[in-house]
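Asks: Those protein sequences? They're chains A and B, same order as listed.
Each residue of the first sequence is one higher than the last, beginning at 1 in UniProt numbering.
Each residue of the second sequence is one higher than the last, beginning at 1 in UniProt numbering.
I should point out that these hints are in silico values taken from the structure, not numbers from a laboratory.
The model shown is predicted, which means the values in this text are computed figures rather than measured ones.
No incorrect hints appear here.
Note: identical chains are not told apart, hence a pair may lie in one copy or across any two.
Below, simulated PhoX-like cross-link-like pairs (lysine-lysine); rule was C-alpha separation at most 25 Å, straight line: (1) K38 / K103; (2) K35 / K133; (3) K103 / K183; (4) K133 / K38; (5) K183 / K215; (6) K183 / K133; (7) K260 / K283; (8) K5 / K56; (9) K5 / K133; (10) K283 / K215.
Number of protein chains: 2
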Amino acid sequence: MASIKDVAELAGVSITTVSRVLNSRGYIGSETRQKVEKAMEQLDYHPNQIARALLKNQSYLIGVIVPDLSHPLFSELINWIEAYANERNYKILVCNSLQDSDKEANYISMLRQNRVDGIIMCSHSLEIESYLKVSMPIVSFDRIISSSISYVAGDNYKGGEIATKHLIENGCRNLLHISGPLKYDLLPNRRSDAFQLTCMKNNIQFSIIEGAHIKAAFQDNWDFIEQVISPQLENYDGVFCSNDIMAYTLYVYATRNGIKVPEQLKIIGYDYHSFTRLMQHPKLTTVRQPLDRIGKALCSALIDQIENKNPDFVNNTVIDVELIRGDTT
Amino acid sequence: MASIKDVAELAGVSITTVSRVLNSRGYIGSETRQKVEKAMEQLDYHPNQIARALLKNQSYLIGVIVPDLSHPLFSELINWIEAYANERNYKILVCNSLQDSDKEANYISMLRQNRVDGIIMCSHSLEIESYLKVSMPIVSFDRIISSSISYVAGDNYKGGEIATKHLIENGCRNLLHISGPLKYDLLPNRRSDAFQLTCMKNNIQFSIIEGAHIKAAFQDNWDFIEQVISPQLENYDGVFCSNDIMAYTLYVYATRNGIKVPEQLKIIGYDYHSFTRLMQHPKLTTVRQPLDRIGKALCSALIDQIENKNPDFVNNTVIDVELIRGDTT
Chain A
1 MASIKDVAEL
11 AGVSITTVSR
21 VLNSRGYIGS
31 ETRQKVEKAM
41 EQLDYHPNQI
51 ARALLKNQSY
61 LIGVIVPDLS
71 HPLFSELINW
81 IEAYANERNY
91 KILVCNSLQD
101 SDKEANYISM
111 LRQNRVDGII
121 MCSHSLEIES
131 YLKVSMPIVS
141 FDRIISSSIS
151 YVAGDNYKGG
161 EIATKHLIEN
171 GCRNLLHISG
181 PLKYDLLPNR
191 RSDAFQLTCM
201 KNNIQFSIIE
211 GAHIKAAFQD
221 NWDFIEQVIS
231 PQLENYDGVF
241 CSNDIMAYTL
251 YVYATRNGIK
261 VPEQLKIIGY
271 DYHSFTRLMQ
281 HPKLTTVRQP
291 LDRIGKALCS
301 ALIDQIENKN
311 PDFVNNTVID
321 VELIRGDTT
Chain B
1 MASIKDVAEL
11 AGVSITTVSR
21 VLNSRGYIGS
31 ETRQKVEKAM
41 EQLDYHPNQI
51 ARALLKNQSY
61 LIGVIVPDLS
71 HPLFSELINW
81 IEAYANERNY
91 KILVCNSLQD
101 SDKEANYISM
111 LRQNRVDGII
121 MCSHSLEIES
131 YLKVSMPIVS
141 FDRIISSSIS
151 YVAGDNYKGG
161 EIATKHLIEN
171 GCRNLLHISG
181 PLKYDLLPNR
191 RSDAFQLTCM
201 KNNIQFSIIE
211 GAHIKAAFQD
221 NWDFIEQVIS
231 PQLENYDGVF
241 CSNDIMAYTL
251 YVYATRNGIK
261 VPEQLKIIGY
271 DYHSFTRLMQ
281 HPKLTTVRQP
291 LDRIGKALCS
301 ALIDQIENKN
311 PDFVNNTVID
321 VELIRGDTT
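Chain A extracted, bound-state conformation (with noise of 0.2 Å):
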């Protein structure tokens, strides 16, 4: 591989000079400009950036962490966090977490020995500790870690509202909602909030049943729904479910097991991710969360942060939500 010495030897300058035409530092003639840059043409020579980013203390990489890469919230979170920091002209370093808290603790320590310039936290396990412990900026997608990390999330308590109000507005009068795991301290759980208290507000029955999955598998979804939701679902006239896939995998039961939606039953979903959009048997009524706005915000407040060398600069953003429509309810 060509290195910055070939360059200058093939340029007839400096090496000094070449580093100038690289960091675009101190005057520069344009016919010596030119020569370098052709003499960085012909030999193909690329600038290395490890060795920048020792010096200067960045390496323009971002570590982002998230329980699984291939949920189509994620990986739709994912796209568009790369087309941000790309535009930025940064790179991102994906992990896996697997809601593992140890996988998790190992993935921290990785990107601090890469030198990350920062995180983009998304995971949901239970262990936060080795976060607090990071001495360099952090952004959390959809929770508090400390009142010192910014945090960027769709607002989860007007979505818990508007799906619930919708619900009720249908007609419906016994509502359940089958909520994400709220043993975590997820910003999520605000949509339970919002539909325990505009339950209350309409004088409806209501329950919620605690969901521990994230997983995008249709059979774990319907064995939970199977052992956990079946014995009592006749109970309801309408059903709020944090997440589309719950959502899709409770209306392929309900009809299959001859109860009629949204006529018996009304269903509502949160996420309208890419899975949503594609499925088209049912069109789920369900809550869009704009993934594109919440990438951007990610990155955003972090590069922010990472550019004014301000990690103690907390912006956290809320991100509007919005029903969308279908044949569900």
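Chain A is already provided as a structure; the job is to place chain B on it using the hints.
Replies: Just chain B now, with coordinates in the frame of chain A:
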């Protein structure tokens, strides 16, 4: 952040000793090792992998270039690549080429600048010049870049053959194949070759229509079917689609237009990724590409090349595929 000097001071040893512990080099007594390890833990010291990468000329970074991170095929593939890379202590930098060859060339340059140890190329763009110039290990997915670059692929010929035979065995006599974009020199084109030959051997009428769509968006596929396929759809009693999203969209199009699937029209797809596995209505008949094994093979082939330091070692891998019987045939 603690430095190696801080660790040496706290442990009461020289920097060289700490370095020996880190690199497991030279004789170190167990007591000294414990003192150093304890000091690293107390100071929350993380060795600078960037400095080590520069020194050792190995970064333990792998670049992965895909056309669309949010596509269920590629998100699942990346999920497995990340898992196997992590097992062997490598990290992955993901790059979303969005089918744009300029963007892809920039990514390759960026990966070279960041001194990744190798590249996994899953892209479908026309331009492969940039890859030929790269003097580092590369493994490609479903594509022959050159005779000196290893590839991993599902058995595309067999996949095309079992799909076509399945349609014929189920009584189809006029077959259509909606292929991938044939202008790219991709291994999935062998699905079309197998389709064609199998039809000819069995005296079956057939046509091939090129679908240029990689986008996992329902509307794009719908528009293509409405404009290109629909005018001649009545000529066929069986369609082999080169991907599941096209097959699913065709199913929806047919049923909305009064064509009964599978009675009047049999449809078979390709991939069996997370979308297909989640979706229950219909259960698609399709060909499963084992993305776990493909991801593992891509990682193994690349890391073996990296660690043998022999970029000329070519090791192509073809992974078996299987028919998944669903409701659409």
